[in-house]
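Peer 1: Using the sequences and the hints given, assemble the complete structure.
Residue numbers (my numbering), protein chains in the order written: chain A, -8 to 196; chain B, -8 to 196.
Keep in mind the hints are simulated off the structure, nothing from the lab. From a predicted model like this one, the values you see are computed outputs, not experimental measurements. Among the hints, erroneous ones may be present.
Stated by the list, open to error - Think about it this way: if two alpha-carbon atoms lie no more than 20 angstroms apart in a straight line, the pair counts; the simulated EDC-like pairs of lysine to aspartate or glutamate are:
#, chain 1, residue 1, chain 2, residue 2
1, A, -3, B, 170
2, A, 132, A, 144
3, B, -3, A, 179
4, B, -4, A, 196
5, A, -3, B, 131
Unchecked claim - Derived list of chain A stretches under chain B, where covered just means 3 residues or more per stretch with a C-beta under 8 angstroms from a C-beta of chain B:
#, region
6, 49 to 61
7, 100 to 114
Glycine included, every Cβ here is placed at the ideal spot set by N, Cα and C.
2 protein chains.
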Amino acid sequence: MNLPKKTVQRLSRYRRLLVKYKYITEPYIYSHDLARLLNLNPVQVRRDLMLIGSSGNHRKGYNVNELNKLIGETIDSDEPQMIGIVGAGRLGQAILNYVSGEEINLNVAAIFDIDSQKIGKEFSGVKCYDISQLSEIIKDKNITIGVIAIPSEFTTSIASILLNSGIEGILNFTSVHLDLPKSIYLKEFDIITTLEEMAYFVKCE
Amino acid sequence: MNLPKKTVQRLSRYRRLLVKYKYITEPYIYSHDLARLLNLNPVQVRRDLMLIGSSGNHRKGYNVNELNKLIGETIDSDEPQMIGIVGAGRLGQAILNYVSGEEINLNVAAIFDIDSQKIGKEFSGVKCYDISQLSEIIKDKNITIGVIAIPSEFTTSIASILLNSGIEGILNFTSVHLDLPKSIYLKEFDIITTLEEMAYFVKCE
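Peer 2: Written out as structure tokens, the structure is:
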């Protein structure tokens, strides 16, 4: 059974908090503390954790290590999934840093660019490849998730290459909307459009 | 009358494409070309443009300059809206670069950090201030939109300061969900959670 999208998102957030919590404080956490630290409703938190089979201890709360492990068993794959980032500009590098900095079951296996100054170099320990090697490296390194962080005009052609190379999920940061087969898990976030949308509704208030 | 959110998003995308188109090719563009370049349905494009009062010329298509102007009159404020970016790390700088690189009615007025190495410096021509000056600078520079690109643990306190300083829109890139008054236009995007959600559904396929 697939969990609802919003539940998966919250489980991901719980874990990220727990990983930090683990190092700094108690072996147990109360659902209301978890809720407070993430600005969520405690009832919601308890419901989510119940759903994955954890009911916690009435007096002590939830065991942080156990909960961590349980969330991992629920949302992670057996092997870490591999990410390929297309575009080694500031955004691509920012994403790479975010992923490298977290204890998660995701690895950035490669980053791609057209800039010869960047190709062959390492960013946060990840090698930058020529974009012409995209298909080859995706297959070689078993990359399942592609992140598109390049100028918009190349979005469609890069997406086709990703698709033809067997990618299963695409995170698109450009302004060009992708219309992909249902079998590809697509998320899109266009920074400028988001800011312009915000500006419009702020103006209309 | 407020336009639907999705329409505003598409208008923003049309304009971004038109601005580039303006310099490179013809003074006119067909709705089906606009649709193709953005991977949208041409009927959708014509409906959106009709909604803002542009029906185009049957033979020549839409006049690029006029359409540009019309989109601006529809979605822009009279004065450029001011953005404040909290966090001058890679993500904050990436966003700053995106905004500076586009011909849009938004300006980044200030960027904020706690790192004394960054404070006082300029990034893409925008001054970096100490985060303790957040409230003061927001008021001084008439900042209406705040972008939160900092470690999650500071999200809630930064959001309170933004709120108390009269900000009207917040774009939150951290893993801590914000629960704000309805009068604040909030958008949230958590990169790690998005990737973990993708990994989960890719695994479940």
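Peer 1: Compare the structure with each hint and give your call.
Peer 2: We went through each hint and held it up to the structure:
1. With a CA separation close to 16 angstroms, the supplied pair residue -3 of chain A and residue 170 of chain B stays within the 20 angstroms bound.
2. Our distance criterion of 20 angstroms between C-alpha atoms is broken by residue 132 of chain A and residue 144 of chain A, whose separation comes to about 27 angstroms.
3. Using a Cα cut-off of 20 angstroms, the hinted pair residue -3 of chain B and residue 179 of chain A holds, with the two alpha carbons roughly 13 angstroms apart.
4. Proposed proximity of residue -4 of chain B and residue 196 of chain A is supported: the alpha carbons are some 14 angstroms apart, at most 20 angstroms.
5. Restraint check: the Cα-Cα separation between residue -3 of chain A and residue 131 of chain B comes to about 38 angstroms, which exceeds 20 angstroms; the hinted pair is violated.
6. Under the rule that three or more residues need a Cβ within less than 8 angstroms of chain B, the assignment of the region 49 to 61 of chain A is violated, with 0 such residues.
7. Judged by the Cβ-Cβ criterion of 8 angstroms, the region 100 to 114 of chain A is not covered by chain B as claimed, because only 0 of its residues qualify and three are needed.
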